[in-house]
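Asks: One-letter residues, chain by chain:
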Amino acid sequence: MSYESSEEYDVVVIGGGHAGCEAALASSRMGMRTAMFLINMDTLANMPCNPSIGGTSKGHLVKEIDALGGQMGKNADKTFLQSKMLNTSKGPAVYSLRMQSDRKMYHIEMKKTVENAKNLDVYQAEITDIITDGNNKKIIGVKTKIGAIYKTKTVVIATGTYLKGMVIIGEVFYESGPDGVFPAKQLSDSLKEHGIFLRRFKTGTPARINIHNMDLNKMEVQKGDTNISLFSFENEENEVLRDRPQIDCYLTYTNEENTHKIILDNLDRSPIYSGKIKGIGPRYCPSIEDKVVRFRDKLRHQIFIEPLGKDTSEMYIQGMSSSMPEEVQIQMYRSLPGLEKAKLMRPAYAIEYDCIDSTMLNLNLEYKDIEGLFFAGQVNGSSGYEEAAAQGLMAGINAALKVQNKDPLILDRSEAYIGVLIDDLVTKGTNEPYRMMTSRAEYRLHLRQDNADLRLREKGYNIGLVSEEVYNKFLDKKEKIEKEIERIRNLNIYPTTETNSILASLGTNPIDKVYKASELLKRNEVKYENIIEMDGNDVNLPKAVKEEVEIQIKYEGYIKLQKEQIDEFKKLEERKLSQDIIYSDIKGLSLEARQKLDKQKPTSIGQASRISGISPSDISVLLIYLNQNKK
Amino acid sequence: MSTIAAIGTATGSSGINIIRISGKDSLNIINKIFSNKDKLCPNEIHYGKIIYNGENVDNVLVSYFKAPNSFTGEDIVEINCHGGTYIAKNILEIVLKCGARLAGPGEFTKRAFLNGKMDLSEAEATIDLINSKTNLEARIASSQMSGKLKDDIVSIRSKMIDILAHIDVNVDYPEYDYEQLSNDNISIFLEEEINRLKKLLSSYEEGKVIKEGVNVAILGRPNAGKSSLLNNLAQEDRAIVTDIEGTTRDVISETVNIGDLILNIFDTAGIRESKDEIEKIGIEKSFKILDKVDLVLYIIDPGKEIDEEEKNILSKIENKGLKIIYLINKMDKYEKTIFDTILNEINQNEEKEVILISAKENLGIEELKNRIKQMFLKDFLNNTSENVIVNSRHKDLIQKSLDMLFKAKEEINNSVPIDMVSISIKESARLLGQIIGEDIDLDVAKRVFDKFCIGK
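Chains as they are written, first to last, in our numbering: chain A, 1 to 631; chain B, 1001 to 1456.
These aren't lab readings, by the way, just hints derived from the structure by calculation.
Hints may contain errors.
Straight-line Cα separation of at most 27 Å, DSSO-like style, residue types lysine-lysine; simulated pairs [what the hints assert, rightly or not]:
| no. | chain 1 | residue 1 | chain 2 | residue 2 |
| --- | --- | --- | --- | --- |
| 1 | A | 560 | B | 1395 |
| 2 | B | 1288 | B | 1159 |
| 3 | B | 1369 | A | 563 |
| 4 | B | 1311 | A | 522 |
| 5 | A | 571 | B | 1395 |
| 6 | B | 1409 | A | 522 |
| 7 | A | 527 | B | 1407 |
| 8 | B | 1066 | A | 563 |
| 9 | A | 587 | B | 1395 |
| 10 | A | 298 | A | 192 |
| 11 | B | 1395 | A | 298 |
| 12 | B | 1288 | A | 560 |
| 13 | B | 1400 | A | 571 |
| 14 | A | 563 | A | 587 |
| 15 | B | 1407 | A | 522 |
| 16 | B | 1352 | B | 1311 |
| 17 | A | 560 | B | 1400 |
| 18 | A | 560 | B | 1409 |
| 19 | A | 478 | A | 522 |
| 20 | A | 563 | B | 1407 |
None of the values given here were measured: they were computed from a predicted structure.
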């Protein structure tokens, strides 16, 4: 019933979602013969939940993916319906770009990119088995449902919510992947046979409603920015992409008298409250019934209405995911102003799926016990397209580096949100679907979206994901930034009437002696453009350069403080722990520490200190152990 | 192996004295002398009294570590008593009378080594590394804190976390209709927490004085009578030199007890402006010492006019904001009018603490001692200071935490973006967290989930 394919691969990617696409594109671009398998070709890079890319901290991930040479940002730039920079008044570290995306166009554009990629084959096929060597220590191939066996050196599993996917709508349960696609029913069993422990997580999505059944006049219009920002650093000066009509979103609210009452009256029919859903759902992404129950004193909840695309009337009802029975859902949605006549084109549903315990991975996302087997995305217990794409990119890169016999690319917590994401998953683990948040990043002032290229471009170039041309352009930008910072630091601003009238118009104190431009720029009210105005000599730099110069000078003191904290952090990260240490033999470690350390095999003292249950005294014992073994 | 005991010190530079007992009889010994012995169980700290021969010796904290889970691998009892070598020495003697023997140098370490426990010297070698992730250290040290102080810090920090979580929600969910924190809200919060931290800090001076003593410099021109005063203070009750780490013994010439109070008297070269290079170094050193002292006793020789040079020196000292008691020496030798002239001279700008003494004839010394006690033990004597910071590391952290709140306040006043302000508040909370050993990032994330309704 099976046959051996004549094709052999360096990297096989299972899954064609946001993680799978990044993984496959990364490894193929790094010269690896790569194959991507997905159950349905028409769901490649699908957005089964919200039709948007980016947002707080997720926007940072997209920028970082882009800086390393990934695809998500470019694809979003090509297909956005609305672009909005969030948090612009709250400080540069938390500026976050979010785009409403055209779901279908996003799929089509990504599919084109995948199809056109060199070294990359894409197949519609369900992978039912992974194949390892005799000792189950090393991956050697995969098998499709039809029986084709492909030999490969590495595998990236990026199955999203497909593994034993189970959709739940009220009392109705059925096996399904997201958006009505077939689930992957057999791969779970194969993983278990190879000793991989699986757990059940749950997530959910709201209904899609036809815009023609809505009364938009009863809602608030939500517009995009007039000055459009894009994700990709390569599009910094691309005016063509910016020149596009934007589509509006809308805002409406739930209400206590109707919406909340309907929910509370029907709570016994909610599969979560009746105990039928066993999977663990995310706290930060609660269903509307969760919100109403947990936050009873909140009189109304915001509901955003977002378009799925320019060629469709389907609207996404953000804020109202649910697993209530369909008839209850209809009542719920209709209780919202503007949705009185709503018909559910697609009902809201919850979905349960198998995922792994991410602490069984190394920081390169390779499974600890099976060489060459990588995991990325929701199957690792994360949630979100951007989180998935970030892991996919890193898994694809590291699978390729593995085949090339090179050191893995590991970003630490001080280098990138991607580093925080992966370290959180691998070191701390997660008991619920994990979402990126700015508050998870200790060094967020350094991990800004504006400097993602300064942080990561070179790494992308070194592994061969960033082209020579793009890299040279980056070097040029970097040099311009450095030179301009130097110039502003040494630039004298004289206390002329013009200068003081500019300062007065900005609402800040006049000057009575010569100031360095950088000193004035540190005043909260003063922008880079004002300095240029006072100086009267426009050096005519690209917008991105100006922004970077302004941020770096304006927040110099804070950035310096953060750098010091990073240095402290690095000290413990750089105390490496060998993978050969047998922790159960180390006297003085607590029993719990021995077990956890033996299981997780941290690579550094710093990583060990973040494992839950490892106490400070365990860490001091480890330090002593390291010192003793040095002698 | 016999049971050994010695005065140990806590890791770091805390001023609490610890009497450590190690060996199989540790528990028997403490049971004989501890009022709260019934409560003792492993790895807990209990408050109680050391009572010997019916006498109340000291209020102490006692911890018990059961073999093999202790530093030496044997049963260990640790008695945390008040500072001042008398008390510690007293308690040690009682412990020895109850059956322990005095530990030899390095004997605890030796036992730890023999029992396969960590080697102290190596622990010390690595302490810097541990400190670099300072909240780790804090988790160890947190046990040294009084419950009340801990409660206060937990409560202040919790307020900070509330604010941080609120800021983070505003930042992470910018389009949701959570009340956006206004600068006014944050200002009010900052003001409240600043006051609470200030109050805590003021308790430190008191606490430190009780545990570590008052650091005193005796200054004055050569031959004003410094050494006579020193001898006078010292002869009466020459204290045993402590082994407490951190009291820099090399510069303390004498440690003197006056009642409950310890005076650590720092050796100083005679201060006067000098052109002689070598003498200059000595004088600079004396001024350096002023950074460490709490009190300056400045002796004036009435036989010599207070000249410009001396005035200069005095204003230098005064500018440091130290407490100063002026002592006009040789009161038995001169006419009252001379003293009045000098008093006028000293009190020119404001009323100063001045005492007439005769160091040689032991006149005015009692008054001096009482003044010092009043200066430093006011609250303690009134018994109002339940909640004192005793650990200088804790004090430093609280001070830094306070500084960060001041910074945040200034930022708010300057309309710095909220995310920047949150960095200062977060740093402030992180520093407090080091005292109680909590990780700020986890806490904030958790609070966000607990308090706010967010998500798609």
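Asks: The structure should be examined with respect to each hint, and the outcome stated for every one.
Replies: To see whether the hints hold, each was checked on the structure:
no.	hint	verdict
1	A:560 <-> B:1395	25 Å, holds
2	B:1288 <-> B:1159	39 Å, violated
3	B:1369 <-> A:563	50 Å, violated
4	B:1311 <-> A:522	43 Å, violated
5	A:571 <-> B:1395	25 Å, holds
6	B:1409 <-> A:522	17 Å, holds
7	A:527 <-> B:1407	22 Å, holds
8	B:1066 <-> A:563	43 Å, violated
9	A:587 <-> B:1395	35 Å, violated
10	A:298 <-> A:192	44 Å, violated
11	B:1395 <-> A:298	41 Å, violated
12	B:1288 <-> A:560	30 Å, violated
13	B:1400 <-> A:571	22 Å, holds
14	A:563 <-> A:587	36 Å, violated
15	B:1407 <-> A:522	15 Å, holds
16	B:1352 <-> B:1311	14 Å, holds
17	A:560 <-> B:1400	17 Å, holds
18	A:560 <-> B:1409	20 Å, holds
19	A:478 <-> A:522	21 Å, holds
20	A:563 <-> B:1407	18 Å, holds
Violated hints for the displayed structure, listed by number in ascending order: 2, 3, 4, 8, 9, 10, 11, 12, 14.
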